[in-house]
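First residue of the sequence shown: 1, per full-length UniProt numbering; consecutive thereafter.
In case anyone wonders, no lab produced these hints; they're calculated from the structure.
There's no promise every hint is true.
[Stated by the list, open to error] Straight-line alpha carbon distances no greater than 30 angstroms define the calculated DSS-like cross-link-like pairs of lysine-lysine that follow:
1. K615 - K726
2. K382 - K276
3. K390 - K429
4. K390 - K428
5. K250 - K344
6. K428 - K382
7. K1097 - K1107
8. K403 - K428
9. K344 - K428
10. K276 - K386
11. K429 - K291
12. K278 - K205
13. K723 - K740
14. K278 - K428
15. K344 - K429
16. K291 - K278
17. K403 - K276
18. K621 - K723
19. K390 - K596
20. K566 - K621
21. K36 - K95
22. K390 - K276
23. K566 - K726
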Amino acid sequence: MEASLAQCIEQSVSASATPEQRRAATKAYNEFKESKDPTVMAAALALCAPQPKTGYTPDACNVRHMVRHGALLLMEHWVRLRWNEFSETERTQLKTELFQWIEGTGDIMQEIPQVKEGICRLAVEIAKREWPQKWPELMPTLFTITKLRGMGQTELVLLTLLRIAEDVVQLQTLNDAPQRRKDIYQALTDMIPGLFELFFGILNKYYSLEDPSPAVMAARAKLLASTLITLTCYVEFVQLKEFLLDDVFKMLCFLLNDSGLRLQAANCLCEIAARKFKGLELEQLCSKFLKQEVMSEILSSIGGILAATEQGRENDSTFLLALCETLAGVSKQISASILQSDQKFEYPSTFVEMVNAVIQLCQHPSCVVARVALSAAAPLLKVEQKDASKLAYPPLLWTVVCKMIQQRLVFNDYTQSAWDFEDYAELKKAYSHFRSELCDLLRTAVVIHPSVAVNVGLTRLRDLLQRTSIISLTPLTASNSNASCAVTAEEWAGFHRYLDTVCSTIVKESVYIVNSDIPMQFIGAFDELVALSRAGEDNLSRLSSIASCCSALSHFIADDTARLGKLLEVVFAMGALELPGETRATRSPESREYRKHGTALFVRLCVDHPQQMAKHLEAIKLTISQRLTLNTVSGLERQHYLEGLTVLSNVANDPVAQSALLEHMLASDVAFFCADPVFIRAVENVQSFALFLGLQDIEAFARAVDNRANLTGKLMSITGVLKRCKTIQDRHVAFELISKTCLIPILKIVWLFKELFAHLNLLHPDILQSIMCLNEADKSNIFADNRPCCDFPVPSVSAAQGFVSILQETLSQFLVTCTFRSEFYTLRDDMTYIITHGMENLPIIKMRFYFHSVVRSLVKNCPERLLLPKLSSTFVPLMSSVFTFLHGQWQEWMSRKDIDRAHEESEATLETFVNEQVMHQMSRDLMEVMANFLLDTNKPQVTAGQASNFESVSAITTFGKELLVDESASQCTITIAFTALFWGDTLTSYKAYKLCRAITAYIVESGREFDIRCSSFMFGAFLRSLRVHGDEEGHVALLLSFGVYLYRWLGHSRGASDSSSPQPFLRDMLLQAGCNEVSLAHFERSIAPGVTTPQRKCKELFKMAVKGIIKESVSTQWKEEVHIQHLAPLWKMPKKRVDDEKVISLEDLFG
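Could you put the whole structure together from the sequences, leaning on the hints where they help?
Given below as structure tokens:
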């Protein structure tokens, strides 16, 4: 048997075996896993034993290692699934041999990691089932091995301790057995002093080991690194008082100077700093980190690695990053400690050193290091904004901060960050986030010290203007000295970000600036920037940034008509740029970006200063009308112009004038959809539309470029107007215009294109919602002969697929703007068909995305006042459709679990596992969405009357009340919530419990009665939930509390309130389920009308009654009663002396 098992394992992993041999070996290995033959276990135990160290070639040794690893996996599988089937002799034998395997471990550098990992996993699986109650010798034996054996055995002990902590504390793999996890956690906590003594002992023993042999020193370094990794795991969860923090800090700071162990030491410090403490523990931790010997060691290590990097000796970015993360954790702890304290923070010198260090690190050329340093600086600096009475920094420090932000906003040397990212796009994205975080800190600086931030900005502006003016004198023949001081486009772009943040914060936060001269300086800067933008600069990127700076300063010149007019001239000149030799089709990317930036600035000016811009409305209309007649304006530029005009037309508050303006401006767009003969023929059917877009082949795609440009351009223009238009006097002029003219043709495009979107996984929930606004005639016109075709041609050309994505996004944006309009919500009765049609033939992982997206769009877009009553006709079919799908999945999943759980787990595939996880998530989403519509968590409601002692529950929303009034909607809601209550996922059941509790409480308080059928279903669902989730101790306590009130509500109806006995059908249901009749009678008397019984007592009586129904907890399923014979009692009552009649005294009893 041993030889057969070894050969099976060997062939299953052998590279030389044929595929047939490998499949046969894998099949045989799976058969061994399912076998319960004792000889198979004996063979596996023999193969798990350490092998002789000599007499084998390297290849043979590798084969033996693989065989041993396979045997260890086999043993682990049996322990996981069949531990309770093992006899006591087999358990004892396995534990004994496990210790022998640990002691027989080979050299630390030679034993392969897979074997060591297999032994550790096996030991931990046994420990999770036996330790500490039935395996008390585990820890003493492991400790003894570290003292008597070598480095290989010691490392294996450390790995075992590490895995126990990871499994039980961090990964919490015992969530299904909370009592076992609690027992092991408590045992680990009790052993913390001994464990830390073990770790320190290993560090002291082997760190001082002096051996010139390189092999010994390498083994020593590996063991010490494993010790620090294990120590790091334990400091993550133990209480601060349970280990000597001073000793840990002393040891870790010492190891920061060891090149081989400093990374592990830094990671350990980082984990300590990242712990969540509060109160006295938080103050103690902060004081420890701010000690001179600790903080100075961390900062000196940072300085050392920076100096070494600068000199080119080394570049240990991982170590530097770990130290920066440590400082980030410390800064968050210190800021929390300062804010929770009632006294002013008396900072030591090390605090000043740390603040200066993190500000300097923010200028590190690595984006990753700089971002971590910024996360360390921001919490400390923002303390002053939250409570300046506890900590206030000098203005000089804020000056340094503002200059640092200004420099980093223009920093574009990515060389030292290139290694941190997979590609350049990821790098740019990281820098974008970094700049956003810098701007956020700058806003804090503006609020606290506005003069400092403004002066730094103005100083920088004067420098840029001076340098730009020097170069602009001779732009083409500048000398090298002048060229070296030239202002780059990136510098202007960075300054624009700085200036825009400062100005917008001053305006939005209404920041008061003491220096009254600053607004005049801003106006002077604006004049110089406008003059510079007109100076004939040839760098378009630089000009864009200069114009953006002018736009940022517009807050200070908006009331100056002349200056605002100059700014408009600059903006319109940007949008009208035409370089010699360029046409609309041949424009360079720089020219396109420059024109687009100009039109975008126009929209921003209209949004920021609508009242002031409205004074120029006639001139703006004339300019835009002339410009739109030209063929040089792109679709996006046209959209921007129309958006700006729509914003300005809102100011007049005149729907009639606005309607005339929009009809004139959108005339060509509306005509394209309603009167263009080519387009009208194209939307007759799916194939014609695909031909119109040129999606069949490359040649057709090239010929249809104008059609695609027209379609997307017109959609963008209409979308922009819809987005910017506002409802005035209960009229939304843009939607009225679109709905009367081109809404139906656009929705027809959506429907024709729907199947293609589904093919390319591009289906958007707003596309489904768009069908809701159709009347019967429109529906017939669109759907009659043009149902989506399953054979719609999928574009094979990559460019065509890209266009499809763009068009889908454009259509979605159009529909999103529609769904924000209240006029759009004339909901249809056929929503069920639309939703279920979209769900057909989708994999479960797509189902969850589809459901989540559709409902999220409904929740986000539907106005609050339209929830009643129309949304109920959408909400109920949607929830019913999802529930119908999930209910079938639930039943299939639970039947598989009930038939053969072990077989199902052994045969589970990755696809099955993913589907189950997605199904769990969909179930939770379903409950969360229903709670979002039905529960108002901000308004707790305490029920009265029969449930006077019931705990606070969430109130029902207005929409929820309206929904529960309707009989069919109420039945649907109760069915979904109570069915999910006994579904096999505990989190779903918990969410359903909160929903069921609130729904039932509301219905009872509203005076309604439950019929017998509904009551039977609700109480039956509750009983099934006890049977399914009874092993979850925390959840079953909530269910029992709910069950007490449910029995009272359903049993003592309004019509039978004066009866002392509940409805008989509830009692029959309990008795049929296996309830204790005597205990049930006690419980019924406690809740009878007129009887006042504490809620806790009622709950205990109910628990005793349903004890036979509740599923037994995993932690108690295999408990055995222990009888020890001839064991003397711990305490005996002393016998009374016959000759003494007086009362026995304490001295007589215990003397």
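Each hint tested on the structure:
{"no.": "1", "hint": "K615 - K726", "verdict": "19 angstroms, holds"}
{"no.": "2", "hint": "K382 - K276", "verdict": "20 angstroms, holds"}
{"no.": "3", "hint": "K390 - K429", "verdict": "37 angstroms, violated"}
{"no.": "4", "hint": "K390 - K428", "verdict": "38 angstroms, violated"}
{"no.": "5", "hint": "K250 - K344", "verdict": "29 angstroms, holds"}
{"no.": "6", "hint": "K428 - K382", "verdict": "27 angstroms, holds"}
{"no.": "7", "hint": "K1097 - K1107", "verdict": "15 angstroms, holds"}
{"no.": "8", "hint": "K403 - K428", "verdict": "22 angstroms, holds"}
{"no.": "9", "hint": "K344 - K428", "verdict": "41 angstroms, violated"}
{"no.": "10", "hint": "K276 - K386", "verdict": "21 angstroms, holds"}
{"no.": "11", "hint": "K429 - K291", "verdict": "38 angstroms, violated"}
{"no.": "12", "hint": "K278 - K205", "verdict": "36 angstroms, violated"}
{"no.": "13", "hint": "K723 - K740", "verdict": "17 angstroms, holds"}
{"no.": "14", "hint": "K278 - K428", "verdict": "38 angstroms, violated"}
{"no.": "15", "hint": "K344 - K429", "verdict": "40 angstroms, violated"}
{"no.": "16", "hint": "K291 - K278", "verdict": "19 angstroms, holds"}
{"no.": "17", "hint": "K403 - K276", "verdict": "33 angstroms, violated"}
{"no.": "18", "hint": "K621 - K723", "verdict": "19 angstroms, holds"}
{"no.": "19", "hint": "K390 - K596", "verdict": "48 angstroms, violated"}
{"no.": "20", "hint": "K566 - K621", "verdict": "17 angstroms, holds"}
{"no.": "21", "hint": "K36 - K95", "verdict": "19 angstroms, holds"}
{"no.": "22", "hint": "K390 - K276", "verdict": "22 angstroms, holds"}
{"no.": "23", "hint": "K566 - K726", "verdict": "29 angstroms, holds"}
Figure legend: structure checked against the earlier numbered hints; hints not met, in rising order: 3, 4, 9, 11, 12, 14, 15, 17, 19.
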